[in-house]
Amino acid sequence: MKQAFKYAYLAFIYLFLYIPILVLVIYSFNDSRFSTNWQGFTFSWYAQLFEDGPLMEAFANSLIIAFSSSTIATILGTLSAFAFYRYRFIGRKVTYSFIYVVMMSPDIVMGISLLMFFITVGLSTGAATLLLAHITFCLPFVVVTVYARISGFDRNILDAAKDLGATERRMFRHVVLPMLMPAVIAGWLLSFTLSLDDVVVSFFTTGPSFEVLPLKIYSMVRLGIKPEINALSTVMFLMSLVTVTVSHLLIAKENR
Amino acid sequence: MEKDPIVRLRRVTKRFDDVVAVDSLDLDIYQGEFLTLLGPSGCGKTTVLRLIAGFESPDKGDIVMNGTSLIGTAPNKRNVNTVFQSYALFPHMSIFDNIAFGLKMKRFEKSVITEKVTEALSIVKLGGLEMRKPHQLSGGQQQRVAMARAIVNKPQVLLLDEPLSALDYRLRQEMELELKRIHRKLGITFVFVTHDQEEAISMSDRIAVMNEGRIEQIGTPSQIYEEPQNMFVAKFVGEINVFEGRIVEIHNGSAVVDIHGRHFKVQNRKDFANGRAVKVLLRPEDIMVTKDEELQGTAPALAGKIEEVIYKGKTVDLIISLDAGETVFVTQFFNEDQEDVVYRHGHRIHINWPYGWEVVL
Ligand SMILES: Nc1ncnc2c1ncn2[C@@H]1O[C@H](COP(=O)(O)OP(=O)(O)OP(=O)(O)O)[C@@H](O)[C@H]1O
Ligand SMILES: [Mg+2]
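For the protein sequence lines, the chains are W and X, in the order given.
In the working numbering, each residue carries its 1-based index in the first sequence increased by 3.
In the working numbering, each residue carries its 1-based index in the second sequence increased by 23.
These are calculated hints, taken from the structure and not from any lab test.
Computed from a prediction, not measured in an experiment: that's the story for all the values here.
The C-beta atom is built at its ideal place from N, Cα and C for all residues, glycine as well.
Any given hint could turn out to be false.
Cut-off 25 Å, straight-line C-alpha distance, at most; resulting in silico cross-link-like pairs (DMTMM-like, lysine to aspartate or glutamate) [to be verified]: (1) K127/X x D157/W; (2) K127/X x D34/W; (3) K96/W x E221/X; (4) K129/X x D110/W; (5) K96/W x D157/W; (6) K156/X x E197/X; (7) K335/X x E221/X; (8) K156/X x D162/W.
Derived, one-sided and incomplete: chain W residues facing chain X with beta-carbon distance under 7 Å [to be verified]: (9) I153; (10) S154; (11) D157; (12) D166; (13) A189; (14) L193.
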């Protein structure tokens with residue numbers, strides 16, 4: 004009896020989490036433009052989606068920005084986490100705390116302050132400023148993820164590498180980086196998803212010449228939800244499903 | 024030990040904030056010896072090793088190896104390798120790659136690496152486990168990998184920081200023998216750290232007893248055990264009984280000490296003056312026990328009674344409370360000729376010792 008209740012509870016939670024997505028997926032195949040009634044199965048929304056030039060362009064832009072910002076943030080973040088762990092310098096603790104400040108500050112504050120910064124230094128908003136902005140808000144997440152793993156290391160392992168003749172650089176390359184890999188991958192994936200669905204910061208830091216998907220969708224839904232959007236969301240959901248699965252497999256492999 | 028020292032620490036001081044971990048320490052380490060740093064937790068043993076390895080640099084003083092100062096030389100440039108207490112194996116590498124790491128850093132050829140790693144594995148008796156990962160090995164095997172990873176580089180000095188402390192008792196004894204065998208086989212200088220005095224005594228050529236960042240005494244195991252220079256060494260290495268007394272007569276090379284009104288003849292190695300308060304130290308196995316009814320003549324002895332008899336197999340330990348109030352710990356070896364000597368709780372006895380077996384401080 005108790006067991007049954009537990010399973011029911013679990014099922015309820017999962018239903019609550021996944022029904023909205025399931026509904027969205029189902030409607031992306033519904034052969035009706037406005038109605039929420041089931042009118043038959045169709046792929047036409049997907050076909051329309053892929054023929055919608057501007058939408059596809061925004062999608063491509065989003066992928067490019069997400070990919071490059073998460074990659075750059077991961078490289079910078081991993082190096083800084085290593086520096087925080089390895090070297091004792093003045094202001095180390097304060098600097099590390101500021102990383103949390105960036106992480107916690109509301110998107111809107113971040114967006115506006117970045118915009119003001121770009122205006123001050125005379126950068127016109129577009130792809131470059133958007134990339135900088137995305138790197139900025141992804142960076143702390145990478146640092147924190149990687150630092151959490153590195154601080155669990157036995158410090159003697161680094162000493163052992165030096166002891167056996169490794170230079171600082173080769174120690175990083177052959178010992179630190181392989182041991183950090185699961186955290187580095189996790190940090191990259193986190194950045195990638197953060198960047199891909201960011202609306203607020205992007206809104207302030209990109210220009211009219213460079214449109215990204217979340218902003219595009221946002222402007223589209225103001226005129227009502229079209230089935231194409233359902234189809235697009237389904238595609239994006241599928242993508243994140245694949246990324247999560249891949250990352251799980253990678254981390255599992257790394258830990259073996 | 025007339026040879027020149029291979030490593031020489033000269034008035035080395037290392038501070039961590041307000042803690043003086045190593046305090047103006049002098050130490051000479053000779054080619055090929057098995058030197059043990061022995062001391063209680065926190066006395067600076069690890070710090071000394073880390074200073075030699077180069078992970079820490081001294082605040083004051085100099086560390087010289089083969090006649091040249093090591094100050095400013097990075098750890099990866101020193102001809103010294105370390106076996107860490109936690110082993111510190113690289114978890115993501117196979118056993119082979121762990122052991123090969125040092126050779127790869129020195130850019131040896133592949134075939135040479137394979138050859139040397141195989142040799143090191145056979146020295147530590149681990150052949151066949153090359154492709155495993157560290158976490159797939161037992162503690163004892165990981166310990167051997169850590170050894171192999173260090174010795175494969177043929178360092179001039181091997182530093183071992185409590186390498187056996189994580190092993191259980193039996194494995195530890197086995198590894199003690201292994202370590203001695205490897206030391207003999209390679210002829211490398213070993214600097215071994217432990218806080219276990221039995222381990223130190225059974226393995227070392229020389230022992231440096233450390234306390235609060237300084238060396239209290241350095242010498243062979245028997246010097247340390249038989250002739251402790253001060254109370255710290257006497258008490259840290261093995262059990263010892265301490266009797267308070269006063270010198271009442273001085274002779275040539277010997278003296279007479281008054282302990283609880285009894286006069287004992289002792290050696291006066293330190294040339295103490297008449298009237299001086301001294302401590303007479305005796306190891307449990309150096310004390311003789313005589314039953315009252317067997318007491319002959321007027322040989323000086325201290326009276327007491329047996330409180331506890333602890334049968335140990337080869338020996339029997341007695342806890343004796345003297346009439347003067349002290350508790351004395353005595354170890355008696357079984358004597359084949361005197362099988363009728365049986366000690367019981369409550370027996371009245373006398374204790375004394377052969378002239379010269381005592382240490383007077
Ligand atoms: N990195 C450090 N930072 C601050 N204090 C330290 C550091 N390393 C050592 N100490 C201090 O220096 C003293 C000596 O430490 P050390 O590790 O050399 O002792 P030890 O003899 O190896 O002890 P144990 O037997 O417990 O390993 C201790 O008081 C310790 O707290
Ligand atoms: Mg230590």
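- Message: Using the nearest Cβ pair, does D166/W come within less than 7 Å of chain X?
- Response: holds, 5 Å
- Could you grab the alpha-carbon distance between K156/X and D162/W and see if it respects the 25 Å cut-off? holds, 20 Å
- Query: Holds or violated: K127/X with D34/W, Cα cutoff 25 Å?
  - Reply: Answer violated: K127/X to D34/W is near 64 Å, above 25 Å.
- Satisfaction of hint between E197/X and K156/X, Cα-Cα up to 25 Å: holds, 23 Å
- Item | Given hint E221/X paired with K96/W - CA-CA distance at most 25 Å | Violated, because 44 Å separates the two Cα atoms, which is more than 25 Å.
- Query: Per the CB criterion, is S154/W less than 7 Å away from chain X?
  - Reply: Interface hint status for S154/W: violated (15 Å vs cutoff 7 Å).
- Item | Minimum beta-carbon distance criterion (7 Å), D157/W to chain X | holds, 5 Å
- Quick one, are K335/X and E221/X close enough, alpha carbons at most 25 Å? This hinted pair holds, its Cα atoms lying about 17 Å apart.
- Can the restraint linking K127/X and D157/W be considered satisfied, given a maximum Cα separation of 25 Å? holds, 22 Å
- Pair hint K129/X and D110/W, alpha-carbon separation not exceeding 25 Å: violated, 50 Å
- Query: Does the alpha-carbon distance linking K96/W and D157/W stay inside the 25 Å limit?
  - Reply: holds, 21 Å
- Cut-off 7 Å, beta-carbon criterion: hint that A189/W touches chain X: violated, 16 Å
Violation of the numbered hints given earlier is confined to hints 2, 3, 4, 9, 10, 13 and 14; the remaining hints are satisfied by the structure.
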